[in-house]
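Fit chain Y to the known structure of chain E by using the hints.
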Amino acid sequence: MNGKELIARRIAGELKDGFYVNLGIGLPTMIAACVPAGIEVVFQSENGLLGIGPPPAPDQEDPDLINAGKQPVTTLPGSSFFGSDQAFAMIRGGHMNMSILGAMQVSCRGDLANWTIPGKMVKGMGGAMDLVASAARVIVAMEHNAKDGAPKIVEECSLPLTGKRVVHDIVTELGWFHVSADGLVVEEIAEGVTKDDIEHRTGCQVYFSRHLRPMLPS
Amino acid sequence: MTIMLGGFGLCGIPENLIAAVIRKGVKGLHTISNNMGVDGFGMGLMLEAGMIASHIGSYVGENRLLEKLVIAGELHLTLIPQGTLAERIRAGGAGIPAFYVPAGAGTIVAEGKEVRDFDGKPHLMERALRADVSLIKAWKADRHGNLVYQKTARNFNPAMATAAELTIVEVEELVEPGELDPDEVMTPGIFVNRVVVGPEFKKPIEYRFIKEQGER
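Taken in sequence, the protein lines are chains E and Y. Counting in the numbering used here, the first sequence runs from 4 upward without gaps. Counting in the numbering used here, the second sequence runs from 206 upward without gaps.
Any given hint might turn out to be false.
Stated by the list, open to error - Okay, derived cross-link-like pairs now, SDA-like style, lysine to any residue, Cα gap no bigger than 20 Å in a straight line:
(1) E:Lys123 <-> Y:Leu274
(2) Y:Lys326 <-> E:Met93
(3) Y:Lys345 <-> Y:Leu274
(4) Y:Lys356 <-> E:Glu190
(5) E:Lys198 <-> E:Gly54
(6) E:Lys7 <-> E:Glu190
(7) E:Lys167 <-> Y:Glu319
Stated by the list, open to error - Coverage of chain E stretches by chain Y, computed from C-beta distances (three or more under 8 Å per stretch; other residues unrestricted):
(8) 12 to 20
(9) 40 to 50
(10) 89 to 103
(11) 173 to 186
These are computed hints drawn from the structure, not numbers from a lab. The beta carbon of each residue, even a glycine, is placed where N, CA and C say it ideally should be.
Next comes chain E alone, as it looks inside the complex (with noise of 0.2 Å):
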């Protein structure tokens, strides 16, 4: 299992029959795939759609049926389809139980940063900085270092805020990582990893949980 299969999987154990999800591009879209059996998740496409179905054959797309990452999906039982501004009442209404997104940076107090790098990159915050906002509870979902091997959980994010102390837990391949009042806490090791590891690889200071347990998939 690779790293990212791990945090998808890990992640996926978090989930509860009935919860309705939304998943952001890249790494956490894999999720959908990893519901543990006998639970049944509804998972939200800002885009307009509750209940996101698995990709069709290659024969089947239909260019007016996509997720937010405007890839083409089916629909489930029970899916339905609405306008923009009703997704976005769902989700700053309180209504969605989870938000999981990737991250550039994380800083220690829940400080998110995944939507631009100012003169380099010019792409958008998407519906980003709304998911972060809003009552439910936010998992970043990432590799642990950069490709150069920079930490990107960190003291404070260089980079522009996506949202401002709103994340809960972070999950890489090394861990997981709850943001609490008194810093940044691992909750669980993966395998393999040592806590001088996790030290040497992240930004700040981190604590271990007096009931650290390994992280396995669900």
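What follows is chain Y alone, placed relative to chain E:
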């Protein structure tokens, strides 16, 4: 002139009306749309034709030309959270001049905006958005302008249909009054001023699932 254009990515965009605007050759447009098409399709064609002076949207990552123009300072781009964009348009159509949302508090989006705490959380005051013209894509319409959208091609279209002085809709099928069940009408005709049947719909698909699901 300010123009709103419906669509999310290339899904539910008024592709025939975009072609008509390009044929007209107007310049200096201020556009409001969630995205900016892609290089070579949708609003990307308006950009290539040099018609757009400024743009308000939430995500424009699929358009390299736009990125170049913005970095060079040749196009004024305002990026705002997608839900705030949708609600500003809805408010514009509903006669609500301003409202408060939590999205963007503590970020650069908050710059210059009134911040007010509600229930212990900071909120930004956001103003309604309106346009001179809205270009809308629907699936079906009748002669009263009652509209039905198809699947996720609905997105920003119903909100934008309400928020302009002149709302022009392109449809795949025009039907007679009475053929749409009043219960299925998604945008009542009062919001719609013109309906045209699109001669052709290319509807390209932007991304396909490749390798791992969700990886582009």
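| request: Take the C-alpha atoms of lysine 345 (chain Y) and leucine 274 (chain Y), compute the straight-line distance between them, and say whether it is at most 20 Å. | output: With a Cα-Cα distance of about 36 Å, the restraint between lysine 345 (chain Y) and leucine 274 (chain Y) is violated, given a limit of 20 Å.
| said: When I compare C-beta atoms, does the segment 173 to 186 of chain E have three or more residues closer than 8 Å to chain Y? | reply: violated (count 0)
| request: Could you grab the alpha-carbon distance between lysine 326 (chain Y) and methionine 93 (chain E) and see if it respects the 20 Å cut-off? | output: holds (18 Å)
| request: Examine the segment 89 to 103 of chain E: at least three residues should have C-beta closer than 8 Å to a C-beta of chain Y. | output: With 4 residues close enough to chain Y, the hint holds.
| message | Does glutamate 190 (chain E) sit within 20 Å of lysine 356 (chain Y), going by the straight-line distance between their CA atoms? | response | violated (42 Å)
| message | Hint check: lysine 198 (chain E) vs glycine 54 (chain E), CA-CA at most 20 Å. Holds or violated? | response | violated (40 Å)
| query | Within the assertion that chain Y covers the segment 40 to 50 of chain E, do at least three residues meet a Cβ-to-Cβ distance smaller than 8 Å? | reply | Check passed, 3 qualifying residues.
| Under the criterion that the straight-line Cα-Cα distance not exceed 20 Å, is the pair lysine 123 (chain E), leucine 274 (chain Y) satisfied? | holds (12 Å)
| query | Are lysine 7 (chain E) and glutamate 190 (chain E) close enough, with their CA atoms no more than 20 Å apart? | reply | holds (19 Å)
| said: Is the listed coverage of the segment 12 to 20 of chain E by chain Y valid when you require three or more residues with a beta carbon under 8 Å from a beta carbon of that chain? | reply: That given contact is violated, which follows from only 0 residues of the segment 12 to 20 of chain E lying within Cβ reach (below 8 Å) of chain Y.
| query | Going straight from one Cα to the other, do lysine 167 (chain E) and glutamate 319 (chain Y) come out at no more than 20 Å? | reply | holds (17 Å)
The structure does not agree with the numbered hints 3, 4, 5, 8 and 11 stated previously, though it agrees with the rest.
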